[in-house]
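Asks: Please model the complete structure; the sequences and the hints are all you need to start from.
Each chain, written out:
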Amino acid sequence: MLRYIGGRVLWMIPTLILVSLFIFVLMHATPGSPFQLEKSSAEFIANQNRLYGLDKPLPQQYVVWISNVLRGDFGYSTFFKSRKVQEILLEQFPVSLKIGAIATLVAFIGGITLGVLSAVNQNGPLDYAGTLVATLGASVPNFVAAFLLLFVFVIVLPQTFHINLGFRTTFSGDPKDFILPVAALAFLPLATITSFTRASMLDAIRSDYVRTARAKGLGEQRVITRHVLKNALMPAITLIGPIFAGIGTGTFVVEQTFAIPGIGRYFVQSLTNRDYPLVMAVFLLYGAFLTVMVLMMDVIYSFVDPRVSLTGSR
Amino acid sequence: MSSIPDQPTSTSDLILSGKSNGDELVVTSNAFIEEVPLKQTNLLRDAMYRLFRNKLAVMGLAFVLLLVFVAIFANFISPYGFDEKVPGEFYRSPPSWWFPFGTDNVARDMFTRVMFGARVSMFVGVGVVLVQLAIGITLGSFAGYFAGNVDTALMRVVDIVSTVPALIIAIILLAARGPGIANIIFALGITQWVTIARLTRGNMLSLRELDYIKASRTAGASGRYIVLRHLLPNSLTPLIVAITFAIPEAIFGEAFLSFIGIGIRPPQPTWGGMVAEGQQFLRSDAHLAIIPVLCVMFTMLAFRFLGDGLRDALDPKGNN
Numbered sequence: 001m002l003r004y005i006g007g008r009v010l011w012m013i014p015t016l017i018l019v020s021l022f023i024f025v026l027m028h029a030t031p032g033s034p035f036q037l038e039k040s041s042a043e044f045i046a047n048q049n050r051l052y053g054l055d056k057p058l059p060q061q062y063v064v065w066i067s068n069v070l071r072g073d074f075g076y077s078t079f080f081k082s083r084k085v086q087e088i089l090l091e092q093f094p095v096s097l098k099i100g101a102i103a104t105l106v107a108f109i110g111g112i113t114l115g116v117l118s119a120v121n122q123n124g125p126l127d128y129a130g131t132l133v134a135t136l137g138a139s140v141p142n143f144v145a146a147f148l149l150l151f152v153f154v155i156v157l158p159q160t161f162h163i164n165l166g167f168r169t170t171f172s173g174d175p176k177d178f179i180l181p182v183a184a185l186a187f188l189p190l191a192t193i194t195s196f197t198r199a200s201m202l203d204a205i206r207s208d209y210v211r212t213a214r215a216k217g218l219g220e221q222r223v224i225t226r227h228v229l230k231n232a233l234m235p236a237i238t239l240i241g242p243i244f245a246g247i248g249t250g251t252f253v254v255e256q257t258f259a260i261p262g263i264g265r266y267f268v269q270s271l272t273n274r275d276y277p278l279v280m281a282v283f284l285l286y287g288a289f290l291t292v293m294v295l296m297m298d299v300i301y302s303f304v305d306p307r308v309s310l311t312g313s314r
Numbered sequence: 001m002s003s004i005p006d007q008p009t010s011t012s013d014l015i016l017s018g019k020s021n022g023d024e025l026v027v028t029s030n031a032f033i034e035e036v037p038l039k040q041t042n043l044l045r046d047a048m049y050r051l052f053r054n055k056l057a058v059m060g061l062a063f064v065l066l067l068v069f070v071a072i073f074a075n076f077i078s079p080y081g082f083d084e085k086v087p088g089e090f091y092r093s094p095p096s097w098w099f100p101f102g103t104d105n106v107a108r109d110m111f112t113r114v115m116f117g118a119r120v121s122m123f124v125g126v127g128v129v130l131v132q133l134a135i136g137i138t139l140g141s142f143a144g145y146f147a148g149n150v151d152t153a154l155m156r157v158v159d160i161v162s163t164v165p166a167l168i169i170a171i172i173l174l175a176a177r178g179p180g181i182a183n184i185i186f187a188l189g190i191t192q193w194v195t196i197a198r199l200t201r202g203n204m205l206s207l208r209e210l211d212y213i214k215a216s217r218t219a220g221a222s223g224r225y226i227v228l229r230h231l232l233p234n235s236l237t238p239l240i241v242a243i244t245f246a247i248p249e250a251i252f253g254e255a256f257l258s259f260i261g262i263g264i265r266p267p268q269p270t271w272g273g274m275v276a277e278g279q280q281f282l283r284s285d286a287h288l289a290i291i292p293v294l295c296v297m298f299t300m301l302a303f304r305f306l307g308d309g310l311r312d313a314l315d316p317k318g319n320n
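Sequences listed follow chains U and D, in order. If you use this note's numbering, the first sequence corresponds to residues 1 to 314, in order. If you use this note's numbering, the second sequence corresponds to residues 1 to 320, in order.
Hints listed in this document are in silico derivations from the structure and should not be mistaken for laboratory results. Heads up, some of the hints might be wrong.
[To be verified] Listing some non-contacts, in silico: residues in chain D with all C-beta distances to chain U over 12 Å:
(1) G127
(2) A147
(3) S216
[What the hints assert, rightly or not] For each label pair, taking beta carbons as the anchor points, the in silico distance ranges come out as:
(4) U:S207 x D:R224: 40 to 50 Å
(5) U:R226 x D:P94: 51 to 61 Å
(6) U:L58 x D:T163: 19 to 29 Å
A virtual CB, placed ideally from N, CA and C, is assigned to each residue, including glycine.
Replies: Put into structure tokens, the structure is as follows:
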């Protein structure tokens with residue numbers, strides 16, 4: 001197992017090199033330069049290009065950049081001139097990571113719980129509640145959710161009903177400030193997980209081995225937790241990748257809506273500013289996260305389902 | 001028409017002959033069918049019947065039709081121009097009889113702007129789906145028809161594309177190519193065709209082994225003929241359902257991109273852009289942001305209800 005994980009981690013290197021090549025070529029193939037917006041003379045721009053090494057041939061630029069990155073140096077931002085990219089990342093990224101991680105957890109725990117409860121109480125009130133959440137969540141994208149939450153909790157409740165729960169449109173890192181952004185981010189993945197878990201639970205409940213478990217006299221709770229749940233968790237695990245991607249892109253909107261100083265806002269800004277070093281760093285980081293997530297998914301998979309053999313035939 | 005056929009003639013009869021659920025009796029006897037009045041029907045009419053029995057789907061369909069109407073005739077039915085100050089220059093006036101959705105920060109009629117926003121949304125939705133279909137059906141057909149190595153190679157490409165978060169790539173493509181409706185359609189279409197390709201391929205893989213395809217091949221039909229005349233028409237129903245789910249996805253994509261400010265350039269109204277413009281007035285004039293947000297929400301709900309209804313109607317056996 002350890003050997004397998006080690007091998008997969010090594011495989012991440014060529015993957016990430018490909019990702020880095022992709023973003024490097026794409027960023028440099030786009031028209032416009034980091035200094036196009038400045039009202040400066042051609043000489044100044046040429047000087048700036050020389051300063052950032054942008055006058056060198058592209059392959060050379062790539063090699064310089066990637067070897068610096070491997071040493072943990074992402075270079076200077078071309079927009080926030082005096083700041084190094086890793087400084088900006090270190091400052092902005094933890095906030096985004098925290099919100100994303102909490103939202104992922106909420107989505108998984110909430111979604112699985114709701115899915116299991118709906119399946120166990122099939123056609124009962126809880127089931128209808130679960131289905132309602134699943135339907136609404138699937139069609140209410142994160143920025144709709146973000147605005148509706150803001151509208152209800154920051155405007156309608158305090159202004160019309162004078163119920164002030166202490167939510168606001170600014171962000172200071174207070175635990176309470178996390179609630180609305182996390183709710184907005186987690187809603188859609190929670191709905192997806194709920195409906196997948198419910199469907200696979202229902203499949204499992206009707207299967208022969210569950211009938212056998214009941215026939216041999218196991219209590220209902222034991223049947224559900226030991227026999228049904230384990231098999232019903234599989235689809236939720238396969239969703240890790242897409243859900244991470246969704247939450248990652250969701251942070252752009254949620255950070256903008258709730259004025260959170262996270263990396264999502266910087267990313268969009270740096271794209272329009274053609275801030276190559278920052279964009280490429282964020283993209284690489286994102287790619288690294290995604291590959292780690294996919295690896296985690298495979299490993300968890302093999303733990304939950306013994307039929308999945310990661311190391312090949314044994 | 002009074003004679004009772006040996007085989008069920010349509011899908012509605014198939015419901016009677018039901019699928020065994022393990023403990024239920026499987027009803028296949030003609031005696032049972034006899035009690036049901038047989039009407040001559042076809043798959044399409046059957047599907048329509050089932051669709052119109054589903055209230056949510058009908059509501060969804062009505063809303064979608066309304067959107068299409070508004071999108072096409074926005075410039076005839078809107079009371080003002082989308083970039084025109086209303087007479088009297090009311091700034092950020094709340095919804096009223098004269099301005100059903102209020103007016104915005106520069107005294108433009110929100111009702112008008114929402115209508116033109118619908119036009120952009122529908123245009124993007126349809127455009128993106130067309131691009132997705134073009135890429136997805138082409139690749140899916142090649143993979144599904146040739147199977148074997150071609151299939152493996154193409155599906156590997158699909159796997160790689162599907163692990164890449166589409167919206168992130170769309171953001172980068174759009175930032176690279178600049179704002180504009182054509183670029184949005186390109187960026188969203190080129191990143192989100194995976195579902196369609198998989199669906200087409202899966203259908204063709206299962207269809208190509210059927211006897212009528214073999215017969216056609218024996219009769220000397222070319223691969224192109226088989227794909228276009230036999231395989232593709234028979235893969236249409238799941239594709240229709242996939243399209244009803246892909247359109248709202250694209251509409252959301254455009255709203256998202258315009259919201260973060262790299263989508264469509266003002267003054268062209270789009271729902272996402274209107275939300276972004278209204279955001280700063282959320283405290284004092286919430287309608288500026290909330291109305292376009294609700295438009296996006298209702299559109300997505302409508303398409304989802306319609307899609308769910310279509311899926312149930314077109315696939316009565318519940319295979320998908």
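Asks: Can you give the numbers of the hints that this structure goes against, from lowest to highest?
Replies: Violated: none.
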